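S.K.: If you want the building blocks of each chain, they are given just below.
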Amino acid sequence: MTTIAHETTRARRRRRWEGLPYWLILPTVVYLGLFFVWPMIQGFGLALRDESGNWTLDALDTMVDDAAFGDAISFTFLLILVIVPIQFVLAMGMALLLNARLRGGGLFLYIFLLPLAISDLAAGIAWSAIFTERGYLNTILEGLGVIDQPFIFLDPTSRTQLVICVAAAEIWRSTTFMMVILFAGLQAIPRDYVEASEVFGAGFFQRVRHVILPMLKPSIQVALLLRLIFAFEVFAVVIALTGSGATVLAAEAYKWQVTNENEHVAAAYSLVILGLSLVAAAVVLVVLRTPRERRLR
Amino acid sequence: MPHLRIGRALAYVAAIAISAFILAPIYLITISAFSSFDAVYDYPKNLLPTGASMESMNTFLDSDGVTDSLQRSIYVAIIAIVACIAIGTPAGYALARFSFRAGNPFQLALVSTRAFPLIIIAVPLSVTYLRVGIDDTVYGVAMAHVAFTLPLTVLVTASVFAGISYELEEAAMTLGCSRLSAFRKIALPLALPGVAASAIFVFVTTWNEVFAAALLTLRNRTLPAQMLAALDTSPLPYRLAGGFFLLAPALLVIFLIRKYLLTTWGRVAR
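Read top to bottom, the protein sequences are chains A and B. Position 10 (the first sequence) corresponds to 10 in the numbering used here; numbering is contiguous. So the numbering used here is basically just the index in the second sequence, starting at one, shifted up by 1000.
Don't take every hint at face value.
Claimed, not checked - Estimated spans, in silico, between C-beta atoms of each pair:
(1) B/R1219 <-> A/P190: 53 to 59 Å
(2) B/A1248 <-> A/G275: 32 to 38 Å
(3) A/G275 <-> B/A1017: 50 to 56 Å
To be verified - If you only want the chain A side, here are some residues facing chain B, beta carbon under 8 Å, derived:
(4) L20
(5) L24
(6) G33
(7) F36
(8) M94
(9) L97
(10) L113
(11) S119
(12) L121
(13) W127
(14) G145
(15) Q149
(16) V180
(17) I273
Simulated from the structure, these hints should not be mistaken for lab results. The model shown is predicted, which means the values in this text are computed figures rather than measured ones. Beta carbons: idealized from backbone N, C-alpha and C, even for Gly.
Okay, chain B solo, but in the shape it has when bound (with noise of 0.2 Å):
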């Protein structure tokens, strides 16, 4: 049949032209962010790596205020990844074993708040915040991001539950094992991928995200909230270099949770 292998071929194509326009960015940020200051400002551009230099990603790291932010994140992304595991996964762990009255309300109101737009709790928030004096910290921009993720964290939980046999528990109990030492020594371990697979979720999440960070910190930002004050201010190999560390970890997250992202997204949008 050869009309099939022509489409077979025109699909090789488009998915190469895809791929293409989807690495092309990612690499020529790559490449400005580890070039020399000529390099950034030079024209025609050179689309080779051949001039790797560090001098922009050194401006960029010296820079004030830059280290700060970059740890700050990090200790937002740990405490918002702690605080949901924590907090969701037992919600998750109870709408898959159980089939309680409040289940389903429950689960539709979960799956309900992602049709309210993140931007309308953090202008409230950051209010709530300067009277209570939390304004200005990690912990504060760490539970605007928990309140965002933890419905997500519940629903990929409760299907990381879904997809580990019940029977297994139950055996354990039967052989003398309580219901918390069943659910240790089996459900847990069983469930460890999926539960870390969430906890990346998180990570990207608070990682990536601008709107709340920026309003909830003024003075001490996280990196993302730092970028986007530093725009209109910062010379471009600054905001070269910025971009490419804000963009780093999405290849290595993706690689990790790719398998996850379609089981746990698909289940969860349905």
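Excised from the complex, chain A in its bound form (with noise of 0.2 Å):
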């Protein structure tokens, strides 16, 4: 009797505030309506009409012909080529060491997670002190007696090496916003499995070849998604490291933008980057897609 009692009062008060979660997330539907989906259709606006409102292709035209186009783009991929595989490694390697309990933990993952809260122009700036000529590096290079004379590592002509050093900043900053995704995966791993396969006698690397490694699939597959979608928008380490030397997409948007002042360009290469980070992420889906029957939850 009593729990019919009850469960009625609640179906009562479930019909009475049926609306409610509606008006509940309407402010925020409205909200990324406004200033999200709308400047996204917006921009495909700027990019492909002109001044008066006839589709065009000009903006794209001046995108492609601009000399910096080329540059751009191959830079933004030979950065991405250098960061996302030795990010994800290290990543791994560090959320391993997170979830192995060693002593002073708490320690290790409060260093571990502090390049999180760091910007890249902040980190393109604590770089430059090290690889700038008079900079940090080379004083150590120099008092260990492994050069004789300052090297100029920020060198504008090579372009190697200017990828080396904003590779090296943004694997210094980012690597840990994989690690997150990764150490959480690994947390959610029964320990049983890992257990089990240790009593059959797995050593280190086939636990995580074999068990670790493909369990963390899912979040494996997030964690290179959105590093990769980041990856795409890499700006201010490239230009607080490199000044003109070389130019990304980001720059070349923010080049139009401002300095050109031209919205339409800039629009252009924003759905570049937008279209590129779409195809990375679907790249990643597919690759790395888990079949429904092996998933765990």
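Since each chain comes alone in its own frame, lean on the hints to assemble the complex.
M.R.: Right under this line is the structure:
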């Protein structure tokens, strides 16, 4: 009896509050519609229409014909190819270390998390103090007797050196982001599985390869996906380290908008960034897809 | 088992090496920010913090536009935090407490906003702002930052409320509380630390965000925009002191939210 009575009041209450969740999400939906979806649509219009509203490919032509376009594309891709694989291995290692429950793990966790709150501009400035000709790296190398005179790391004529310097700063700053996602995934793996494999004599690398990595696949997918999307937006770290020695897609968008005052070409660049991120996201999703029947949850 | 002990020792070596890699640049920019002009231009560099001086830092703080941009960055952060919490928390509560038909699509839409680079909404927004007349204002920048951070705020607060038992609110309602007062007296106080953590997420994003800030403020710049614009014109001591200013809050902020970072990010990412 009592349970039935309870159920009916619950049902009545539920009916009365049916509209409430919609009212609660309404402000968010409206805000994102106005400040996220609408600007995105506008972005397409800016890139593909002229001042009088006619459809045109002028902005795209201007963008592609500009000498900096090829440089920006290739430098962005070079950076991603160098950064993301190294970063993934490092992030995986850091997550495994945190998961190993070392003594002082709380301190390691705090230190490993620090870069998460550091901007790419601050990272670029910090690393420029290291790489600059009269900087810390030359001081250390010369002190150790590795070199006789300061080496020019940030040589604007050497693409390879610029890529390595920017990659170092980006790996320093953004590896943590991947680590956090991987570590959260690691913690969700039931200990029994790992312990069972230990009982059957699996060594550390066998455990990682045959138990941990397959079970971590959904987290790996998310980590790579988000990291790749952010990688196409690389911006201030490149400007801070290379000055005008190298350019990337976001830096070109900034240049066209602020220096050249041509928002059409700037919007065209942002569409390129969007297109490339979506393609990268699709590739990650397809390559790392997990068949439904093998999912844990 | 000797090999196990060796593995353990190697793990400590690796953890210490990675910690050193992360801390070294932070240490180096800190000692350069608090050094004299001579020390900044000196070579070889002094690797120890023996020559501490406020000369670089004072020059940076006394430079044109720096205190103003610092103030603007703080305003932007406050506006963005208030707006995000006010708009996002109710939606997070709705996702955690009600099962409604639009719930799943709404959550999916929030997650998928992260697939879209922030850069692509900055250019159109700057055009719109110019037309509406809020270009070059802290409000404009703050509203753009809210667009980036609102989805995350909703997802984080949803996971915070999901972690608080609904039974407590139901019990309060049975005892005569209205739904609103049950929320205010029960759920809200319990959720407060989590909501504060999501406010700190918002702070980190707006404090660090360079691209949109640089596009949306051309004269009244926020700190990162100011630093970006001054990169190729300012002297080295200015840049190093400014870099330290951008980086310093990270040390404190991560300490405050380290617990939430793992639980919420883990849940949000999945």
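S.K.: State for each hint whether it applies.
M.R.: Going down the list of hints, with the structure as the test:
| no. | hint | verdict |
| --- | --- | --- |
| 1 | B/R1219 <-> A/P190: 53 to 59 Å | holds, 57 Å |
| 2 | B/A1248 <-> A/G275: 32 to 38 Å | holds, 37 Å |
| 3 | A/G275 <-> B/A1017: 50 to 56 Å | violated, 39 Å |
| 4 | L20 | holds, 7 Å |
| 5 | L24 | holds, 4 Å |
| 6 | G33 | violated, 10 Å |
| 7 | F36 | holds, 5 Å |
| 8 | M94 | holds, 6 Å |
| 9 | L97 | holds, 5 Å |
| 10 | L113 | holds, 5 Å |
| 11 | S119 | holds, 3 Å |
| 12 | L121 | holds, 5 Å |
| 13 | W127 | holds, 6 Å |
| 14 | G145 | violated, 12 Å |
| 15 | Q149 | violated, 11 Å |
| 16 | V180 | holds, 5 Å |
| 17 | I273 | holds, 5 Å |
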